[in-house]
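Undergrad: Sequence:
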Amino acid sequence: KSWTVASFIQKMCGFQQATIVLFDLHGEYTTAFGDYADVISATDLELPYWLMNSEEILGLMVDRSESAAPNQIAKFKELLQNAKDSHPENKALGIKKITIDTPVFFDFDAVLNEFRRLDTEMVPGATKPKQGPLYGDFTRLLMRIDSRLNDRRYDLIFKPKTYNTSASMEDLFRRLLGEKAGARKKVVVVDLSPVPFDVRSSVISLILRCLFDFVYWHRRTHKTRFPISVFADEAHIYLNDGDPATEAAKHSAERIAKEGRKYGISLTVISQRPREVSATILSQCNSFLCLRISNPEDQSYVKSLLPDSVRGITSMFSTLRRGECILLGDSVMMPTRIKIDRPNPQPQSDDVSFYKTWNEAPKDVDFAKVLHSWRNQEVMP
16 KSWTVASFIQ
26 KMCGFQQATI
36 VLFDLHGEYT
46 TAFGDYADVI
56 SATDLELPYW
66 LMNSEEILGL
76 MVDRSESAAP
86 NQIAKFKELL
96 QNAKDSHPEN
106 KALGIKKITI
116 DTPVFFDFDA
126 VLNEFRRLDT
136 EMVPGATKPK
146 QGPLYGDFTR
156 LLMRIDSRLN
166 DRRYDLIFKP
176 KTYNTSASME
186 DLFRRLLGEK
196 AGARKKVVVV
206 DLSPVPFDVR
216 SSVISLILRC
226 LFDFVYWHRR
236 THKTRFPISV
246 FADEAHIYLN
256 DGDPATEAAK
266 HSAERIAKEG
276 RKYGISLTVI
286 SQRPREVSAT
296 ILSQCNSFLC
306 LRISNPEDQS
316 YVKSLLPDSV
326 RGITSMFSTL
336 RRGECILLGD
346 SVMMPTRIKI
356 DRPNPQPQSD
366 DVSFYKTWNE
376 APKDVDFAKV
386 LHSWRNQEVM
396 P
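Remember, this note's numbering sits 15 above the position in the sequence shown when you count from 1.
Derived from the structure by calculation, the hints contain no laboratory data.
Glycine included, every Cβ here is placed at the ideal spot set by N, Cα and C.
Zero decoy hints are in this set.
Cβ pair distances, simulated, as ranges:
id : residue 1 : residue 2 : range
1  : 295       : 180       : 32 to 38 Å
2  : 78        : 356       : 46 to 52 Å
3  : 116       : 387       : 41 to 47 Å
4  : 76        : 302       : 38 to 44 Å
5  : 352       : 315       : 17 to 23 Å
6  : 368       : 161       : 44 to 50 Å
7  : 277       : 356       : 28 to 34 Å
8  : 235       : 129       : 31 to 37 Å
9  : 327       : 388       : 48 to 54 Å
10 : 352       : 277       : 31 to 37 Å
11 : 174       : 288       : 31 to 37 Å
Could you build the full structure based on these sequences and the hints that come with them?
TA: Printed below as a string of C-alpha cells:
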C-alpha cells in the first residue's frame, strides 16, 4: 500500500504545477519524495484557534448534552463576534463585515475572562447582592476549556507562537501548499506521527476545511481553479463511520468528496480496512485501485461499492501478488490487472525481518535515548 502511494505521487511530481498534500500518520513518507517535498512535522506544526470557524471551536468547548449548552453557545457566539470586531488589527484590514466565521485573529483570553466574570457575577438585589442571570452556567464550560489549555498536546492550536496575527495567515497557507517564496514544493507531507490520537482529528479536520475554503475562494476571486490533490493515508483511523471522536475530520472530508470536484480539490482515500471508512466518502470515489484483500468482510464491502457489471472481479482480490492490483472505475475502460512500479526512493514501511535481525550479533540497546524521545515526543536527528 505504501509503495503504491509513493509510486503514484512520484509520478505526479512530473507535472510542473502539481500541488499534493499527504497525511502521513506513521512517518513513512518523509524521505520518499526527495527535493519535491516539504515535510511539516507535527513538532513545528501550528494550526491556531483563530483559524477555526465557530462550529469547530464550539465542538472543542461545548458539551451539547448539558442543560446549559444553549446559553453557552449563544454567549460564546456573542463574545466571539465582539472579540473579532474589537481587535485593532482586524479594524485595519478593511473587511466590510466580520462574522463569527471570518478567519481573523482574536484574543481568546479576553473571551475566557468575560465568561469567568459572567459565571461569578453578583447583581444588586432588594436587600443584598444576588446571583446574576448567568451565574454558574459556564462553570463546566470553563473547566473543559482550562483542561484543553493546560494540555500541552493542544499547544499547536491554543498557544501559537508563529501564526498569532491575522497577517500571518498568508505564511501559513504558503507553508501548507508548498508555495514558500523561492522554494516551491510539489508535495507537502504532513507528518502526524507525533500527534496524539484525540488531537489528530481536530488537526486533520482544520487542514481539510481550510484547503476546501481556499480553493472555493480562489475560484470565486480569480475565476480559475487551483487544483489540490489530498491523500488521506490510513483513512480508517480518522475518517471512521462509527467513531464519534472522528466526526469533525469525517465531515470535512465528506464535503471535499461531495463538492470538491467543482472547485478543484480531490481526495484520495487510502486504507486497508475499507469497511471502516465513511460510506459517504467511498460512495463518491470514481476510481478504485484494489490491492490484495483477504478479509471476506472487506471484500464484500468493496463489492457493494462497485457496479453490478464488474462485481465478479472481486473474486481475484485474494489472489493478487505483492505489487499487483485491480484498477477499475471511471479512469479505465474496463477493470484491469496492473503491476505497480517500485517507488524510488522507497517509503520507510518495510516489515522487519525477525530472521535476519535475530541472526546478527547481540548489541547494547540505548534505552536512555529511546526513553528521552518518548518522553519529549520528538524524533532524534
